[in-house]
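Based on the provided sequences and hints, a complete structural model is requested.
Sequences listed follow chains E and V, in order.
Under my numbering, think of the first position of the first sequence as 266, with each following residue one higher.
Under my numbering, think of the first position of the second sequence as 5, with each following residue one higher.
Among these hints, one or two may not hold up.
Capping the alpha-carbon separation at 35 Å, the derived lysine-lysine pairs in DSBU-like fashion look like this [to be verified]: (1) K766/V - K358/E; (2) K491/V - K561/V; (3) K302/E - K380/E; (4) K344/E - K358/E; (5) K696/V - K378/E; (6) K283/V - K240/V; (7) K344/E - K380/E; (8) K561/V - K525/V; (9) K656/V - K534/V; (10) K534/V - K302/E; (11) K656/V - K358/E; (12) K696/V - K380/E; (13) K344/E - K696/V; (14) K302/V - K320/V.
These are computed hints drawn from the structure, not numbers from a lab.
Now for the letters of each chain:
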Amino acid sequence: MSFMVLVVDDEEAIGREIVEAIGLIGGSAVFYTCADKCLEYVERSGDHFEFIIADLAMPEMSGLELLDRICMVLNPTPKCFLMTGLPEYGGVKIIDNQNFEILHKPISLQDLKEKLGHPEP
Amino acid sequence: MTALMERLHTLQAVSFLEKYFKSAGLEAYGVKLAGAILLSVAAYTGNALNVDLFFGVNYLFGSIFVWLALMTIGPLGAIFVAATSALYTVELWGHWYAVLLFTLEATAVALMRGYSRPAWIAPYVLLYWLFVGAPLALLSYSYGLELPWTTVQLVVAKQVLNALVNVSIAVFLLNITLLLFPSAASTIGTRVRSSYGNLLQATFGLLMLIPISLSEFFELNQRFSEQTQSLQERAKGNAGRSAHSTASFLELETNYWRQYIRRAGKALSPRDFALAKAKDESAFPVMIYRVTLQGDWKLLYGEKEFNQQQLTDLVKAAVSRNATQAHMLGCWSGMIFTASKRIDRTGFLVFGWAPADLSILVSEEPGMEVAIRCQSSDGLQAGDFETLPTVEIVRDLEVGVASLVSWQHGYVRSRAALSAARPFSLELVLPLGPTVLAIHKGTSRAIVRLCFLAILIIAGGYVLEVLFRRWVEHFVVAAETFLRFQKPPSDGLNYNFYENREISKWLGRFSRAVASEERSKILAINNFEKLVRRSSMPIFAADQGGRIVEWNPALEKMTGHRRDEVIGTSLSDLAENSLEIELQLSSPEEALFDVHIRSKSGSLVHLEASQAILTELSDLVLTSHSEQPHSMGMVKFFIARNLNDFMDTQAKLIQASRLAALGEMASSFAHELNQPLNIIAISAGNCLERIKFEEISPTYVISKMRRIEEQALRAGRVIQGIRQFVLEIGDEQVVTFDPTIRIQSAISLLHEQLRLDSVVIKQNVPETSQHIVGRPILFEQTLVNLLTNARQAMINTPRDERIIQINLESDGSEISITVADNGPGIPSELLDRVFDPFFTTKGETSGTGIGLYLSKTVVEAMHGSIHAEACLDGARIIIKFPVACEESNVRC
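Next comes the structure, spelled out in structure tokens:
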């Protein structure tokens, strides 16, 4: 029961750890540090992902924007996670909605297991 | 001669004046000397341009200038002018008495007047003439010049009148000048003062005296010319008549005496003639000749021997006429000669008559001494003879008191032909003296009348002036009473009179106005006192010597020094920074200055004082307190500001701004902390997971542990940064520090935020270390503020264009740090306001408006400067600091 996860975080150390963790819970992941490149890749490859995990605060574009744009490209829409320590962007509080679920930093492996454990078919 | 005398006199006077002037300072007296000479010339000219009123009585104008000199230059000048101008009278009248009188007049008036009221001279002139001048003149003219008493009376009265009118003119001229040109007195250079009373009396005096005098003089002149005219007419007629009757009379007498001698028949002895003369009731000849037809002659009677030539002429004339009738022969040697018919065949008689014996023929007024003379043909021109009878007034202008005496010694000479055929005439001489004296009598009465009028006008004028002055004094007393008690003096004003009623009304209004003014002044003083005493602001006052004269309770509370302790002591003694205070108190500029006072509790009170100009009011306030020591000169009030409070407030503000900045950075910090925590959590989780299911290599564990350690330290650094940022800054010491290090730490503090907003920092900072003096954390805070402003300014700038350029340049004496962004920039009209407190363009949500204000405060406290520039692409803030020497707290 393998699943594909797209991981986007501007900090490489985090990305690598998450990729490793996904591997440990039985999935495989594609990791990008640069949101633009990630978007480019998604648009170009048309690969299928069950999950997307994006960091909220990134230099080129925020996780919110990235998720919006990826979801516009991919169909069916993967389940999206927004990774953040403080659920707030530009002074606006961010809450779970139909587009994404918030993944609170610091993330434990247990959390990841629970969130990614039942991937939608 | 007179000119020489005058010159000598002038020279003497000038040298005397010069001596006088030298003793009292040359400069002012040089002007006075020039004025005296000028007025002398004017006075002399005024005398020369005199008006001949009538038969040798002259009106002189010189003394006008004498009085002008007295009023403007002073006594010596006046005496000088009087003496020099009077010299003209010597030429005019031929005696020195007038010079004496006029010089004495100026001297006496100058002595009487002293230096009191310059315009108050007319009464002294009047006094002089009444008690000195007139008696002296009467004496000198009647005994010295031996003029008739009537004439003396006239002349003296004229002189008094002349003096009084002239002094009135002078006073009037001075007054009118002072009235029309109020600054004239200072131009003249003397303290010339006058009064309206004086002006009025001079004006009315002249208005009355001049027309009356003019009409009187005109009248007198008229009368004089009429009388002399009638005298001449009468003389002329008289001469004609007398000549006619003389001719017929002498013919009759000649016939009568021929008959008498013929009847006697014999040679008559002189005794017979004497008897006949004694018996005779008509005229008797002075000499009788018997003349033969051959021209031989014989004196029958007469004492006087004719000289040969005249006798020859006479006999020749008698023989050639050889008439059958008695007839006139002519005049020889002042006698009239007639010839008779032939007394016998051989000869005839010639009679000589004395004209004086013919006076019975002249019909003149009784008492009039008429001289009758016979004028022979050789004394007359042919033309004259034809115009006979003639009349003329003859005056001897060589007489001493030229015109006046010449009139009195003058006479009217009328001539008429004695014979139609022979060119000799009868001359009647009528003396003018009695007529002139008669006119003098009338004139002197008129002049004395005028004189009395002048005296009355001047004396009356001065009585009026004195009354007016007293009235003014009374008015002043009334005004004072009004001001003090708001009601008229009980003994004062007589309300039956209009002026007093008006004055009372006016004074009532005035005193009410003054009282209300007084009240408002007192109110102002009270309020000012309350303001000073009750103000929570520290207020003090110092006189020009820097001594404290006011110290309000706010200051007492602040410093612990009581008011009564500090009053009178010097402010610079009380303060710690005495040098600065002394400088400030002595400078006329009103700058803010610091006063540092050690309070009684030992702490230093920092005051910033600014001067308030309250001179007039503050003087009043201070003089209203008797305990105040006598202050010197102008008192300056100072309103101070307690900088201790200000400093506290400022520190709190800075703290608040740091907290605000911290709030702004909270999400950034959260992010920054969460990053390492996230890595730690997942790394640890991965490690644990692997340990559960598989054998793991030590290498893996080591790498994970390293990563965890690394990230934990990273989190620690973040917290360290925050801690340092919110550190208490109130006690931070002033040290020398390297601004480049602080720039780096400010950048690193904001690094994550800048990175997330894609803001690129470009630096142009020298490698070598720099040094400035100040508080490093505050400096860092300033940079954080500037960088935050720059970052926020570029929120709408495309991400790949967000650049902050930081430059640091040093020219050896000054370090300038520039922070430039490429946001929208600052509108030029706001450039001046960006450093104002609570000024923000960020809107209410994100800005407090104190960031730049505090930056400015911090920079200026470090003796630096900060200003904003608007450039084409964004804003630019430039901070400048003086360079400090390395490792010392001193600026180089």
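Comparing the hints with the structure gives:
1. K766/V - K358/E: holds, 33 Å
2. K491/V - K561/V: The hint is violated at about 48 Å.
3. K302/E - K380/E: Since the Cα atoms of K302/E and K380/E sit roughly 26 Å apart, the hinted pair holds (cutoff 35 Å).
4. K344/E - K358/E: Roughly 21 Å between the alpha carbons, so the hint for K344/E and K358/E holds.
5. K696/V - K378/E: holds, 15 Å
6. K283/V - K240/V: holds, 34 Å
7. K344/E - K380/E: holds, 10 Å
8. K561/V - K525/V: Distance ~30 Å between K561/V and K525/V Cα, so the pair holds.
9. K656/V - K534/V: It holds: about 33 Å lies between the C-alpha atoms, which stays within 35 Å.
10. K534/V - K302/E: Violated, because 77 Å separates the two Cα atoms, which is more than 35 Å.
11. K656/V - K358/E: holds, 31 Å
12. K696/V - K380/E: holds, 20 Å
13. K344/E - K696/V: Judged against 35 Å, a Cα distance of about 28 Å means the pair holds.
14. K302/V - K320/V: Roughly 14 Å between the alpha carbons, so the hint for K302/V and K320/V holds.
Violated hints, listed in ascending order, are 2, 10; each of the other numbered hints is respected by the structure.
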